[in-house]
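Chemist: Residue strings, one per chain:
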Amino acid sequence: MSQTATALAEFVEDPPRLQEHAADALLLNIDGYEGPIDVLLELARHQKVDLTKISILQLVRQYLGFIERAQALDLELAAEYLVMAAWLAYLKSRLLLPRTPEDEAQPGAAEMAEALQFQLRRLEAMKKAAQDLMTLPRLGQSVFARGAPEGLSVRTQARWTLSLYDLLKSYGEMQQRKEGATYDLPSFNLMTAEDAVARLTRMLGRLPRQGLHSVWTTLESLLPEGIKDKLYARSTLASMLTAGLELVRQGKLEIRQDANFRPIYIRGVGE
Amino acid sequence: MTDISSIRVLEALLFASAEPLSVKEMHERMPAETDIGGALLALEQHYKERGVQLVERDGRWAFRTAPDLAESLVLEKSAERRLSRAAMETLAIIAYHQPITRAEIENVRGVATHKGTLDALMEEGWIKPGRRRESPGRPLTWVTTPVFLDAFSLESLSDLPGIEDLKATGLLDTRPAIEAIPTSPDLFTGIEESEAEPQEVEDVLQDI
Amino acid sequence: MTDISSIRVLEALLFASAEPLSVKEMHERMPAETDIGGALLALEQHYKERGVQLVERDGRWAFRTAPDLAESLVLEKSAERRLSRAAMETLAIIAYHQPITRAEIENVRGVATHKGTLDALMEEGWIKPGRRRESPGRPLTWVTTPVFLDAFSLESLSDLPGIEDLKATGLLDTRPAIEAIPTSPDLFTGIEESEAEPQEVEDVLQDI
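Residue numbers (the working numbering), protein chains in the order written: chain A, 1 to 271; chain B, 1 to 208; chain C, 1 to 208.
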C-alpha cells in the first residue's frame, strides 16, 4: 500500500504548487467544508484518481501543507483540523519509517491508511448518494399528488348491545318497582288493643274482686263469642291479654298463669 | 392539436390542481397550440365509465370520483354501545305488552319517553309501529319485529319468560320482610292453613 | 374477483384518499371477496401510459402524476425548503445505513451533527427515531419514513439509487474508519462527547 502510494506520488508533476493551490482554495472556502475529512476528500479529488488508488502519503502531505498555510496566514482552524493533522503526521511517519519491533503491537501503517481510505470512499459514496437522492422526482416538485382529494370518511354507527338477560332483568325490575310503588299493606280484621282495653274496662265491674274468697276468671271466658273469622279470633286473645296487662299496670287488675300453656286468670282489684 | 402528449399533460394538470380549472387557465398552462377542447373531450370520454370522472362545473373542469360510488368511499364502522336503561325498559315493555302506545309505555314506566329512545330502537330494527289503536286520538302502537326475536334468539314472543318465571330464576330479588325469613312460617300461609283446618284455631289459642 | 365494478371502486378510493392506501385499508373498504391485488394490477396497467399513474410506496398505493411530465406541468409547486449540504448528506446516510445512531452518522461524516440537521429532516417527516440500539448507552437509532419514500418517488428502500453497488462494495459498513492513534485519544473523541450530551436527544424527541 505505502509502496504504491509512494510510487504514485513520484508521478505527480509539481506537488508543491498543487499543494499550495489546493490549500489556498480550501482556506478560502473553509466554511463550506464539513470538517477535516471533508477537506481530505476534497484534496483527494485533486489527485484525480479512483479513491481506491489514492496516494495516502500525497494526501497527508497536502493536508499538512494546508494546515501549515492556515497557520502561516494566522487563520483560526477548529481543533478537529489540528487533531487530524497530528494523526496524519503520525501516519506519515509510520508510512515513511521502517517498522520497528515495538510497532508490532500497534496497528500497521498500511491498515491505518486503508482505514482512512475507506472512510474517504464511504463519505464520497454518501455525498454522491445525497446528490442522487436530490435528482429523484420529488413529490410536490416534479411529481404531484391529487390536488383536491375528496378524502375517505369513516361513518361510525352505534351498534347497541343488549343481551336477553339485560332485557328480562330490566323488565322484571320495572315490574318490581311498579309493585313497590302501589303496594298497600293488606288491612286485616283484627281486634285492636284500644277495643280490647275498652271491652275489658267495661267488663271490669262484673269481675270478681280481690279478697279472701275471691275467684279467678279465665281470660278466655271474656273473649267475644261466636267469632267465625279465625284471624279475628286469634287477635282477640292477643289484644285482650295486652289490654289485661295494661290494666294491671294501671293497678285495676290482677293476672295469673300457673305454668306455660296453662289458662290465664284475671280478677279485679278491690277498692 | 389533440395528441396523446397534451392529453397526458392536461390529465396530470387536472389531477394535481387544487381547484377546478377553467379553459382559460388550462390555456395558460399548456402550449399555445393545444386543442384544449379536444383534449377535454378525449379525457371525458376516457373516464366516462370509470371510478373517476371528468366533470364540468360552471365552466371549470375537475376530476371527481363517480357519484354512484359515493357510498363506497365511506367506511362504515360499527361501535358497540350499551343500551341506556330507558331504552332497555322501553324495549322490554313493548316486548311484553305489545301492541302498546307510547302513552301506555309512559304509564308503565312512570316517566316520559324521549323520542330518541324509540328512534334508537327502531333504527336497530327491534321495534316498528303497529296499527293505530281505535281509541280517541287513534294513537300509534308499537310492536317488536322479527329482528328483535332473532337478536335475542327467541322462537316467538311466547318464549319470553313471565314475571313469575323471572322470580323463579332468581333474576328478581323477592321482597324482603316476612317472606324472606326462611324457617318462619309465612303469615299468609298460616291463614291458608288455618282455613283449611279449622280445628287448628283451638290449637293456636292453646299455644299461647 | 377482479370485476370492473371493484376496479372502479378501488380507482375512486385511491383518487379520493389524501394519503397512499395500504392493501389492508383497501380491504377494509371493499367487499371481503375482492381481489385487491388483481384490481391494483389492472389499474396500474390501465394508467401505465397515462398522465397520472398508480404507484406503490412502501406497500401503499397512490395516484401520482407521471414523472416524465415534470417539465410540462405548470403547477403550483410546494415551497421547497433548501436543505443544507449537511442535511442532505445526513439524510442520505440515514437512508442507506438505517437504522443508524447519531454517533455512527458522525463517524461517516467525520464531523459532529448539528442538532438542527436532524430536526429539519424530522420536520419534513422524512426521518423518525427507530429502536434503541442494544449496546452501551442504548443509543437511539434513526430510520426513514414512508413519507420519505413518497417524497422521493421511491417504491421501497431497495430502490435507493446505487444501493446494491454500495452494499456489494462494503461501503455501507458503519464501522469507525479511523482507529485511534495508540496512546492518544480517539480522533473523534471530542466530537462524540458533544454528541453524547443527553439533553440534546431529549430536545430532538420533544420536537417530534
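It should be emphasised that the hints constitute simulated quantities derived from the structure, not laboratory data. Heads up, some of the hints might be wrong.
Here are the simulated lysine-lysine pairs, DSS-like style, with alpha carbons at most 27 Å apart [unchecked claim]:
1) Lys128(B) <-> Lys169(A)
2) Lys128(C) <-> Lys48(A)
3) Lys128(C) <-> Lys167(C)
4) Lys48(A) <-> Lys128(A)
5) Lys77(C) <-> Lys24(B)
Chemist: Does each hint fit the structure? Answer for all of them.
Modeler: Hints versus structure:
| no. | hint | in the structure |
| --- | --- | --- |
| 1 | Lys128(B) <-> Lys169(A) | holds (22 Å) |
| 2 | Lys128(C) <-> Lys48(A) | violated (38 Å) |
| 3 | Lys128(C) <-> Lys167(C) | holds (23 Å) |
| 4 | Lys48(A) <-> Lys128(A) | holds (16 Å) |
| 5 | Lys77(C) <-> Lys24(B) | holds (20 Å) |
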